[in-house]
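Count the sequence shown with my numbering and you get residues 41 to 211, in order.
Treat the hints as calculated values from the structure; they're not laboratory data. Ideal Cβ placement from N, Cα and C applies to all residues, glycine included. Hints may be right or wrong, so weigh each one.
Unchecked claim - Taking CB as the label site, the calculated pair distances span:
id : residue 1 : residue 2 : range
1  : R70       : F176      : 40 to 48 Å
2  : V198      : V157      : 28 to 36 Å
3  : R70       : A181      : 29 to 37 Å
4  : D193      : D167      : 20 to 28 Å
5  : V76       : K184      : 28 to 36 Å
6  : N117      : F176      : 45 to 53 Å
7  : Y168      : V76       : 44 to 52 Å
8  : Y112      : F180      : 35 to 43 Å
9  : A181      : G87       : 15 to 23 Å
10 : A181      : E131      : 21 to 29 Å
11 : S153      : K184      : 37 to 45 Å
12 : V157      : N117      : 32 to 40 Å
13 : Y112      : R202      : 34 to 42 Å
Said to hold, decoys possible - Lysine to aspartate or glutamate pairs mimicking DMTMM-like chemistry, simulated, CA-CA at most 20 Å apart:
id : residue 1 : residue 2
14 : K142      : E126
15 : K184      : E199
16 : K142      : E86
17 : K184      : E131
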Amino acid sequence: EEPMVLAEVEEAPLPPGNARVAFLFIARNRLPLDLVWDAFFRGDNEGRFSIFVHSRPGFVLTRATTRSRFFYNRQVNNSVQVDWGEASMIEAERILLSHALKDPFNERFVFVSDSCVPLYNFNYTYDYIMSASTSFVDSFADTKQGRYNPRMDPIIPVENWRKGSQVGCAD
Numbered sequence: 041e042e043p044m045v046l047a048e049v050e051e052a053p054l055p056p057g058n059a060r061v062a063f064l065f066i067a068r069n070r071l072p073l074d075l076v077w078d079a080f081f082r083g084d085n086e087g088r089f090s091i092f093v094h095s096r097p098g099f100v101l102t103r104a105t106t107r108s109r110f111f112y113n114r115q116v117n118n119s120v121q122v123d124w125g126e127a128s129m130i131e132a133e134r135i136l137l138s139h140a141l142k143d144p145f146n147e148r149f150v151f152v153s154d155s156c157v158p159l160y161n162f163n164y165t166y167d168y169i170m171s172a173s174t175s176f177v178d179s180f181a182d183t184k185q186g187r188y189n190p191r192m193d194p195i196i197p198v199e200n201w202r203k204g205s206q207v208g209c210a211d
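Make a model of the complete structure from these sequences and hints.
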C-alpha cells in the first residue's frame with residue numbers, strides 16, 4: 041500500500057501557493073496543550089497546514105475530548121499502541137507520514153509530541169519551515185549506560201551510536 045501512496049503523490053500536480061505544513065501529533069490520549077495549539081493555528085492560516093493525530097487505538101478527539109476544533113476527528117484510523125522509546129513509536133510515525141503524504145499540498149512534515157508547544161506564532165513558524173532547504177532533526181552522542189546493545193556492532197559501532205528526538209521536521 042505504501043508504494044501506491046508515494047506513487048500517487050509523485051504524480052499529483054501541485055498548484056502554486058497552496059503549500060502546507062503537516063503537523064503530525066503523537067499523543068497518548070488527549071492533547072493536554074490543545075488550547076495552546078488552538079491559539080497557534082487560529083487566524084487566516086487554515087489553508088496552510090493540515091493536522092494528523094496518532095493516539096491510542098479507539099480514542100477519538102471530539103468536543104468531549106478536546107477543547108480545540110482543529111483536532112476534531114483528526115486521528116489516523118489505523119493507530120497502534122505506542123510505548124515510549126520503543127519501535128512502536130517508529131510505526132506510529134510511519135502511519136502518520138503515510139496519511140500526510142496522501143495530500144499533495146503537504147510539503148513539510150513536522151512530528152510533534154503531545155507535550156510540545158510552539159515557541160513562535162504560526163506565520164513565523166510556517167515561513168521558517170517553508171524557506172528551509174533542509175530537514176531538522178536532533179541527535180547527540182549518548183553517554184548513558186545501557187542504551188547501546190553490543191550486538192549492534194559491527195553494523196553500528198558504539199562510536200556511531202546516537203540518541204535522537206522523536207520530534208523533527210522533514211521536507
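- Going back to the hint list, which numbers does this structure go against? 1, 4, 6, 7, 9, 11, 12, 14, 17
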